[in-house]
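Chain residues, written in single-letter form:
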Amino acid sequence: MNESTQFDAVRQARRITEQAVSWYIEQQEPLSERQRAAFLGWLRASPRHVAEYFAVVRMHGDVKAAAALQKLTAEELVEKARRDNPVVMFPHLEKVLPEERHPQPVRGRFTRYVLAGAASVAAIALGWLGIAQWRATQVPVAPVYARHYEATGAMQSLALADGTLIQLDRHSSIDVHFDRHYRRIEVQRGHALFDVGKDPARPMLVDVGGHILQDIGTVFDVKRAASGDTLTVISGRVRVLDAQPATAKGGGLLLPGAAIADLTAGQQIELDAGGATPVQPVQIAQATAWLPAEISFQHETIATVARRFNAYTSTPLDIDDGAIAQKRISGVFHADNPQAFVAYLSSLPGVRIIHDAQRIRVVAAPQTDTKAAQL
Amino acid sequence: MREKHAAWSALFAEKRATLSNYFLRRVAHRWDAQDLVQEVYLRLLRIEPADAANIRSPEAYLFTVAANLVKEHAVLRAQQPLGSDELEQVVEQLVAPTNLEADMDSEARQQRLGALIERLSPKCKAVLIMHYRDELSYREIAERMSISTNMVKKYIVKGLAACRQRMAEYE
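Residue numbers (my numbering), protein chains in the order written: chain Z, 3 to 377; chain A, 120 to 290.
In case anyone wonders, no lab produced these hints; they're calculated from the structure.
Ideal placement from N, C-alpha and C gives every residue a C-beta, glycine not left out.
Keep in mind that a hint or two might mislead.
[Said to hold, decoys possible] Simulated DEER-style distance windows between Cβ atoms:
1. Glu152/Z / Glu237/A: 29 to 35 Å
2. Ala291/Z / Ala234/A: 49 to 55 Å
3. Pro168/A / Gln30/Z: 37 to 43 Å
[To be verified] Here are the simulated EDC-like cross-link-like pairs (lysine to aspartate or glutamate), alpha carbons at most 20 Å apart as the crow flies:
4. Lys66/Z / Asp170/A
5. Lys273/A / Glu259/A
6. Lys273/A / Glu31/Z
7. Lys66/Z / Glu78/Z
8. Lys277/A / Asp253/A
9. Lys272/A / Glu237/A
10. Lys73/Z / Asp154/A
11. Lys73/Z / Glu226/A
12. Lys277/A / Glu31/Z
13. Lys272/A / Asp320/Z
14. Lys272/A / Glu302/Z
15. Lys82/Z / Glu262/A
16. Lys66/Z / Glu191/A
17. Lys273/A / Glu226/A
18. Lys66/Z / Glu167/A
19. Lys273/A / Glu20/Z
20. Lys272/A / Glu31/Z
21. Lys82/Z / Glu237/A
22. Lys329/Z / Asp358/Z
23. Lys200/Z / Asp323/Z
24. Lys277/A / Asp320/Z
25. Lys277/A / Asp323/Z
26. Lys277/A / Glu302/Z
27. Lys273/A / Glu302/Z
28. Lys66/Z / Glu158/A
29. Lys272/A / Glu254/A
30. Lys73/Z / Glu237/A
31. Lys73/Z / Glu288/A
32. Lys200/Z / Asp320/Z
33. Lys66/Z / Asp154/A
34. Lys82/Z / Asp253/A
35. Lys66/Z / Glu28/Z
36. Lys273/A / Asp253/A
37. Lys272/A / Asp64/Z
38. Lys272/A / Glu262/A
39. Lys272/A / Glu288/A
40. Lys82/Z / Asp64/Z
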């Protein structure tokens, strides 16, 4: 058996197992007529299906007893699962200090790190203008990007290359530094609201004087003041980590250390050099009072406008339908009244609104549904 | 057969886990089990399309067929001349020298399965334990984990499939 057919065989075995388990689990509810026919058809398709089904049933008989061996409580398991960050962070950290852990054999990896480091330093030196050029000579990987933003007289709205949107208050400044492994933003002073773009390969780390906020797909607000720093999570989750001084090789950047707190929507924490206050519930409207009171848009996509509303609410709007998301609209709404915007969306043809506990979903309405609703 | 099957379906709906375990213990012997699978499969193929539509629970049907075959097999064995059992055992050991799975007692199997559950991703593990140990419903688990009930089901399927794949590696 050569390598590829062996690989195919393993994959096929896995598929049969998954089908057998799915069918077994489906039987917990009475099957519909169509499901019954499909299940019988599946069993009759191959003796391997029959054998695997028996094997799954047999194993299932032991699952309850095996699960009872688990020592952790349900709460502990849920907490562990919650901390199981889908963003892989620590393998990247390992690359930062490879020569200490693996003295000799990983020469290739070490060289790669040095190259990557040199590349990002070069990119900073070249700055914004040089990036297009630099990228053209590289393998197309995640773009390296470094820039300083400062809002003086007026509030600024920024849109970064990774899809992150930032509202920067007056007299505020941030430093943006994206490389292959991380997206880092340092809040130097003032007040900023982040709506973080999705990039599973590169976690977003926001550095707030001695503390690092790790975002897990979310909107949050950071306020720096002489009395201390305040973090408010509008939607999603944020983890606060202690920052560790980096080694010289880390390029002077702070490294994420131990987790201090995990915040979810509607929670706030105050941070200063001495540590952090306990996590407290907060009124979103209070935390976002500094944001513009009106959201006005001219010929912008519904997806963009929805994200602007999401900065003000812990039940975000999700535009599930691609065609609706790309539709362009114009208007002015009160920022604290996303319901008016939802009502407006629901008046558009072919749009249906679904209210979930945690979000408001905007989906395409089937044509017949629309007709039925009109009748 | 059909009348018997209807009764079986009802019984099965009620005592599914107990009954399927009962049969599978009976066919735990791998030599028999493989033959049995082939035979069950052939019988499934022989179902007339008209009859297939009337099968109320294909799973119950599956085990009914298996049960009948086990019974027939037992009758056949009883009628065989003395000494054939020993011969069969010798042949079996030649064919399947690593018969660990069949010999392993249930406690060891459960230990092994417990270790496999331990190796699952934290989310899969949490969902499986809460469902099977703490007997929480999909909805209750969904609330605790802040995920949809559909995702709970997916984690259960994924976790059980991973365990089954790794158990199969031992066989």
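Violated hints - listed by number, lowest first: Numbers 1, 3, 4, 10, 13, 14, 16, 17, 18, 22, 24, 25, 26, 27, 28, 31, 33, 39, 40, in rising order.
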